[in-house]
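J.: For the protein sequence lines, the chains are P and V, in the order given. Residues 1 to 210, numbered by the UniProt record's numbering, are exactly what the first sequence covers, in order. Residues 1 to 132, numbered by the UniProt record's numbering, are exactly what the second sequence covers, in order.
Quick caveat, the hints were computed from the structure, so don't treat them as lab data. Any given hint could be a false lead.
Restraint ranges, calculated between C-beta atoms of paired labels, are given here [stated by the list, open to error]: (1) 51/V x 43/P: 23 to 29 Å; (2) 124/V x 109/P: 15 to 21 Å; (3) 179/P x 118/V: 21 to 27 Å; (4) 118/V x 104/P: 26 to 32 Å.
All figures in this text were calculated on a predicted structure; none of them were measured in a lab. Every residue, glycine too, gets a C-beta built ideally from N, C-alpha and C.
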Amino acid sequence: MGLFAGLRKSISNLFSSGQQQQRIGIYGPPNAGKTTLANRIARDWTGDAVGPESHIPHETRRARRKEDIEIERNGKSVNIDIVDTPGVATKVDYEEFIEHDMEKDDAVRRSREATEGVAEAMHWLREDVDGVIYVLDSAEDPFTQVNTMLVGIIESQDLPVLIFANKIDLEDASIQRIKNAFPQHETVPLSALEGENMDEVYEKIAEYFG
Amino acid sequence: MSEADDSTGDADGSGVQLDMISGERMDQLASMEKIRLILDSVHDGNIVILEEGLDPEEESKLIEVTMTEISPDEFTGIEIETYPGSSKSSGGFFDRLMGRETETKLTVIGPANRLETLHKDETLISALVTRT
Ligand SMILES: Nc1nc2c(ncn2[C@@H]2O[C@H](COP(=O)(O)OP(=O)(O)O)[C@@H](O)[C@H]2O)c(=O)[nH]1
Ligand SMILES: [Mg+2]
Numbered sequence: 001m002g003l004f005a006g007l008r009k010s011i012s013n014l015f016s017s018g019q020q021q022q023r024i025g026i027y028g029p030p031n032a033g034k035t036t037l038a039n040r041i042a043r044d045w046t047g048d049a050v051g052p053e054s055h056i057p058h059e060t061r062r063a064r065r066k067e068d069i070e071i072e073r074n075g076k077s078v079n080i081d082i083v084d085t086p087g088v089a090t091k092v093d094y095e096e097f098i099e100h101d102m103e104k105d106d107a108v109r110r111s112r113e114a115t116e117g118v119a120e121a122m123h124w125l126r127e128d129v130d131g132v133i134y135v136l137d138s139a140e141d142p143f144t145q146v147n148t149m150l151v152g153i154i155e156s157q158d159l160p161v162l163i164f165a166n167k168i169d170l171e172d173a174s175i176q177r178i179k180n181a182f183p184q185h186e187t188v189p190l191s192a193l194e195g196e197n198m199d200e201v202y203e204k205i206a207e208y209f210g
Numbered sequence: 001m002s003e004a005d006d007s008t009g010d011a012d013g014s015g016v017q018l019d020m021i022s023g024e025r026m027d028q029l030a031s032m033e034k035i036r037l038i039l040d041s042v043h044d045g046n047i048v049i050l051e052e053g054l055d056p057e058e059e060s061k062l063i064e065v066t067m068t069e070i071s072p073d074e075f076t077g078i079e080i081e082t083y084p085g086s087s088k089s090s091g092g093f094f095d096r097l098m099g100r101e102t103e104t105k106l107t108v109i110g111p112a113n114r115l116e117t118l119h120k121d122e123t124l125i126s127a128l129v130t131r132t
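Using the sequences and the accompanying hints, generate a full structural model.
T.: Here it is, written out as structure tokens:
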């Protein structure tokens, strides 16, 4: 934890931690790295993980919450609950899972859980979150219908939002492409897998959601 | 446009039905009625074109209801595209703050197994419609 050496709880942090817990939803398309990010945040500040990460889409089929994560940066402290959500999609086809070597029964069950999870994630967004981290794979085209719709929905709820351009370790990554797609929001580049640029990630979280 | 006939669809498989719904007609409906109208038509295999689209809250409910209706081997969900696709040109955050609803966005919705987006950018949507 050398990264966080030198950080100390100041008196003002102690007082400000009495503030209301902010519930931050991690949203984005399937496979963007939402769970990897949620796990990294949870591990960095509490020591445990949130849930399994996988290259198979819709691994996360229930919104999972990790409570009481206290993040401190530059004398600002923010107390958050992280909600890792299933990736939002407008379609789910069980055959997609069969391509990942799953039996039909398993694939059908998984797709049913995935659809319930997406419905639940939409519900959380309308009712239960105070801020959103929108995670995108920087190596993919950000200009998709799901992304535009979701960001529009988040804006219409007047929720504070940060766009996370994840997977910057990949060769095809383009942060600029994401900035161009969502110029109205702050974009933070990172690699949740490799832990790149996490300092800025925590700074922005403290700044936006504190 | 003639009255949408959602009873027959293209039962003989000879074509693809397009339902083009005017903004005026949608304005008279409550949110859930709009969503029902769209999904009933899409379930019949039709492509729905909305002159004015849905507001964000309705889009969110459309996704939610679509998810609850997905069923293996029957319905895999929807493909949806709006034009203009980006909120940066008009009707952005400040317009919303000011309560200005400037966005009217042509929206195309179809069954995911029939409508496939081939290309999309700020100025062009190219989609492929198949019979099934
Ligand atoms: N190269 C790279 N891969 C990542 C990164 N973050 C996540 N992944 C991988 O992307 C896949 C999907 O990650 P996951 O966190 O399960 O995505 P989710 O569906 O958004 O929750 C997994 O194979 C991860 O190891 C990253 O920063 N760089
Ligand atoms: Mg996940």
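J.: Decide, hint by hint, whether the structure agrees.
T.: Hints versus structure:
1. 51/V x 43/P: 23 to 29 Å: violated, 49 Å
2. 124/V x 109/P: 15 to 21 Å: Cβ of residue 124/V to Cβ of residue 109/P: about 39 Å, so the range 15 to 21 Å is violated.
3. 179/P x 118/V: 21 to 27 Å: holds, 25 Å
4. 118/V x 104/P: 26 to 32 Å: Given about 30 Å between the Cβ atoms, the range holds.
In the structure shown, a violation is registered for the earlier hints numbered 1, 2, in ascending order.
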